[in-house]
Amino acid sequence: MKKSLFKKYLSVTSIIIVVSFLFLGTVMVVFIARYFQSEKQAQLTQNANSMASIAGQSVVMMQDNQYLIDGSRMALFIKAFSENVDADFFLVDQSGAEMISTYSIREDENPNEDVKDRQNISAETMQQALSGYFSATGTMNGLYDSNYYIIGVPIVTTNSSGQQVAIGAVFAASDLKVLDVFRDETIKMFLLAAVAAFMVSFCIIWTFSYKLAKPLREMAIATKHFGEGDFSVRVPVESQDEIGELASSFNQMAETLAAGESMRRNFIANTSHELKTPMTTIAGFVDGILDGTIPEEKRNHYLKIVSQEVKRLSRLVKTMLDLSKIDSGEMKLRPTRFDLSNTIFVTLLSFEKAIEDKKIEIRGLETASSLFVDGDPDMIHQVLYNLLENAVKFTNAEGYIDIRLSETNDRVTVTIKNSGQGIPADEVAMIFDRFYKTDKSRSQDKNGMGLGLYIVRTIIRLHGGEIGVSSVENEYCQFEFWLPKKKAKDMNADKGKENKEQKDSKWINPLKSDNKQGKNDKKAKKKEDTDSAPEVIEVTDVEVVEKPKDDDAALH
1 MKKSLFKKYL SVTSIIIVVS FLFLGTVMVV FIARYFQSEK QAQLTQNANS
51 MASIAGQSVV MMQDNQYLID GSRMALFIKA FSENVDADFF LVDQSGAEMI
101 STYSIREDEN PNEDVKDRQN ISAETMQQAL SGYFSATGTM NGLYDSNYYI
151 IGVPIVTTNS SGQQVAIGAV FAASDLKVLD VFRDETIKMF LLAAVAAFMV
201 SFCIIWTFSY KLAKPLREMA IATKHFGEGD FSVRVPVESQ DEIGELASSF
251 NQMAETLAAG ESMRRNFIAN TSHELKTPMT TIAGFVDGIL DGTIPEEKRN
301 HYLKIVSQEV KRLSRLVKTM LDLSKIDSGE MKLRPTRFDL SNTIFVTLLS
351 FEKAIEDKKI EIRGLETASS LFVDGDPDMI HQVLYNLLEN AVKFTNAEGY
401 IDIRLSETND RVTVTIKNSG QGIPADEVAM IFDRFYKTDK SRSQDKNGMG
451 LGLYIVRTII RLHGGEIGVS SVENEYCQFE FWLPKKKAKD MNADKGKENK
501 EQKDSKWINP LKSDNKQGKN DKKAKKKEDT DSAPEVIEVT DVEVVEKPKD
551 DDAALH
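Residue 154 in my numbering is what sits at position 154 of the sequence shown, and the numbering runs on without skipping anything.
The hints are simulated quantities; they were obtained by calculation from the structure and are not laboratory data.
You may find that some hints are simply not true.
To be verified - Straight-line distance between alpha carbons at most 27 Å, and here's what the computed DSS-like set of lysine-lysine pairs gives: (1) Lys-276 to Lys-318; (2) Lys-224 to Lys-332; (3) Lys-304 to Lys-318; (4) Lys-214 to Lys-8; (5) Lys-276 to Lys-304; (6) Lys-304 to Lys-325; (7) Lys-359 to Lys-318; (8) Lys-276 to Lys-359; (9) Lys-79 to Lys-177; (10) Lys-276 to Lys-325; (11) Lys-353 to Lys-393; (12) Lys-298 to Lys-318; (13) Lys-8 to Lys-224; (14) Lys-325 to Lys-311; (15) Lys-486 to Lys-332; (16) Lys-304 to Lys-224; (17) Lys-311 to Lys-332.
Quick caveat, the model's predicted, so the values are computed rather than measured.
Model the full assembly from the supplied sequences, consistent with the hints where possible.
Okay, here's the thing in C-alpha cells:
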C-alpha cells in the first residue's frame with residue numbers, strides 16, 4: 001500500500017513527540033518523587049530535632065540517674081507538631097519504652113477508642129537513635145499496616161556533672177502513601193498536560209506537513225501532465241523557502257520544456273518541409289526526363305536543378321549530424337593558426353551575387369590587415385558564413401553591412417552589423433535557442449530551420465569565446481563575438497613551423513586602393529618574387545561557391 005510523504009512525516013513526527021513526552025514524564029516523575037522524599041525527610045528530621053530539644057529542656061527532676069519530663073507540656077507540643085506535619089511522634093526512654101506519643105494522647109482524649117498496642121523500640125534501633133540519627137522505612141514493630149518513613153534523634157540533657165547525656169529518643173513517622181498520592185497526582189497532571197500539548201502539536205504538525213507536501217503533490221501531478229505532453233501546468237509558489245525555490249525552479253523547467261516542445265514541433269515541421277520540397281522537385285524532374293516530358297535539349301538544365309536540390313538535402317543532413325555531435329559532445333576542435341581577415345574576405349565573396357543584387361554597401365574592411373588567431377579554421381568559417389548569410393538575407397535593399405575587427409591583449413573581436421528591420425526586443429534573448437526562428441512567416445528565411453545561430457554559439461564557446469547580439473527594431477542588428485588569444489606553445493607541436501610561416505606571410509587586402517592593379521602582371525610578379533618574398537595570397541583567385549539556400553548550410 002502506497003504511503004504518502006505527508007503520512008510518513010506526520011507519523012514520524014507524532015511518534016517522536018510521544019516518545020519525547022514519555023521520556024520527559026518519566027524523568028520528571030522520578031525527580032519530583034525524589035525531591036518530595038528528601039523534603040519530607042528533611043521536614044521530619046527538623047521537627048524531630050525540635051521536639052528532642054524541647055524534651056531536653058522539659059526535664060523536671062533528676063534523681064539516681066532517673067529523669068522525669070513534663071508530660072503535659074510535651075503533650076501539647078506533640079499534638080501541635082503531629083497536626084502540623086501530618087506525622088506521628090514518639091518519646092521513648094533509653095530502653096525503648098514509650099513515655100508519651102501521639103497515640104497515648106489520643107487514648108487520653110478518647111478512652112473508648114480502640115488503639116493498637118505498641119511495643120518497645122528494638123535495642124538496635126535505639127542504639128542508632130541514641131548515637132545521633134536513625135532513618136529507615138518500616139511498620140514500627142507492627143504498629144502500622146504499611147511502610148512508614150521513620151526518623152529517630154536522641155533527647156540530650158545536662159546531668160549533675162555538667163555533661164551532655166542522651167536520656168531517650170524522639171521518633172517521627174510519616175506514611176509513605178503520601179508520597180504515592182503525590183506521585184499519582186503528578187502523573188495525572190502531566191498526562192493531562194501532555195495530551196493537551198500533543199493535540200495542539202498534532203494539529204500544528206498536520207497543517208505544516210500538509211502545506212509542506214502540497215507543492216510536491218502538485219509537482220507529481222504536473223509531471224504526469226508533462227508525460228502526456230501537456231506543459232501548461234504550473235505549480236503555485238506560496239513560500240520563499242527551499243520548497244518555494246523548488247516550485248519556482250520547477251516552473252522554469254516547465255517553461256523550458258514547453259519552449260523546447262514548441263521548437264521541436266517547429267523543427268519537425270521545418271525539417272519535413274525542407275525534405276519534402278527538394279524531394280518533390282527531384283522526383284518531378286527525374287520523372288519528366290524518364291517519360292520524355294522534358295525535351296532532350298533542356299535535360300542538362302533540369303539536371304543542374306536536381307543537382308542543386310541534392311546538395312541542399314546533403315547540407316540539411318549535415319546540419320542534423322552537426323546538431324547530433326553537439327548534443328553528444330563529439331564536436332571536437334582541430335586547432336591551428338590562421339588569418340581571420342582572409343577568412344572573412346573569402347566567406348564574403350561567397351555572397352557576391354546576392355550583395356550586388358541588393359546593392360548592399362560593405363563597410364569597415366577598407367583598412368583591414370592580416371589578423372592571425374588560434375582555432376579551427378573550418379568551424380570559424382562556418383560561424384562567419386552563417387552570420388554573413390543572415391546579414392545579407394535580412395539587410396534591406398541598398399542597405400549596408402559593417403564588418404569590424406579589433407584586437408586587445410587577450411582577445412580578438414569581430415563585429416558584424418547590418419541595416420534592416422532588426423530583431424524584436426522580446427525575441428533577442430531567444431535568438432540563440434535551437435529551432436528558434438524570428439521570421440516565422442518564412443517571407444525572408446524560407447529555408448532555415450533555426451539551428452544556425454545555435455551552432456554558431458556552440459562553436460564560439462568551444463573556442464573559449466562568447467557571442468552576443470544587440471538590435472534596434474527597424475534600424476539595425478549587430479552580432480559580436482570574440483576569440484581568446486593563445487600562445488603558440490599551446491598549439492600542436494607538429495604545426496609550429498607552419499604557424500610561424502603563416503604568421504610571417506603578407507596578406508593583401510583587395511579593398512585597398514594600392515591593390516587595384518590588374519591581373520595582367522600578377523604571374524610575372526609572382527615569378528619575380530619567388531626567391532625573395534613569401535607567397536602573396538590573392539583573394540581574387542578564390543573560387544566562389546554557389547550560395548546555399550539554407551541559413552544553416554555553412555557546414556561545407
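Consistency of the hints with the structure:
no.	hint	verdict
1	Lys-276 to Lys-318	holds, 17 Å
2	Lys-224 to Lys-332	violated, 38 Å
3	Lys-304 to Lys-318	holds, 21 Å
4	Lys-214 to Lys-8	holds, 14 Å
5	Lys-276 to Lys-304	holds, 19 Å
6	Lys-304 to Lys-325	violated, 31 Å
7	Lys-359 to Lys-318	violated, 31 Å
8	Lys-276 to Lys-359	violated, 33 Å
9	Lys-79 to Lys-177	holds, 21 Å
10	Lys-276 to Lys-325	holds, 24 Å
11	Lys-353 to Lys-393	holds, 12 Å
12	Lys-298 to Lys-318	violated, 31 Å
13	Lys-8 to Lys-224	holds, 22 Å
14	Lys-325 to Lys-311	holds, 21 Å
15	Lys-486 to Lys-332	holds, 17 Å
16	Lys-304 to Lys-224	violated, 52 Å
17	Lys-311 to Lys-332	holds, 25 Å
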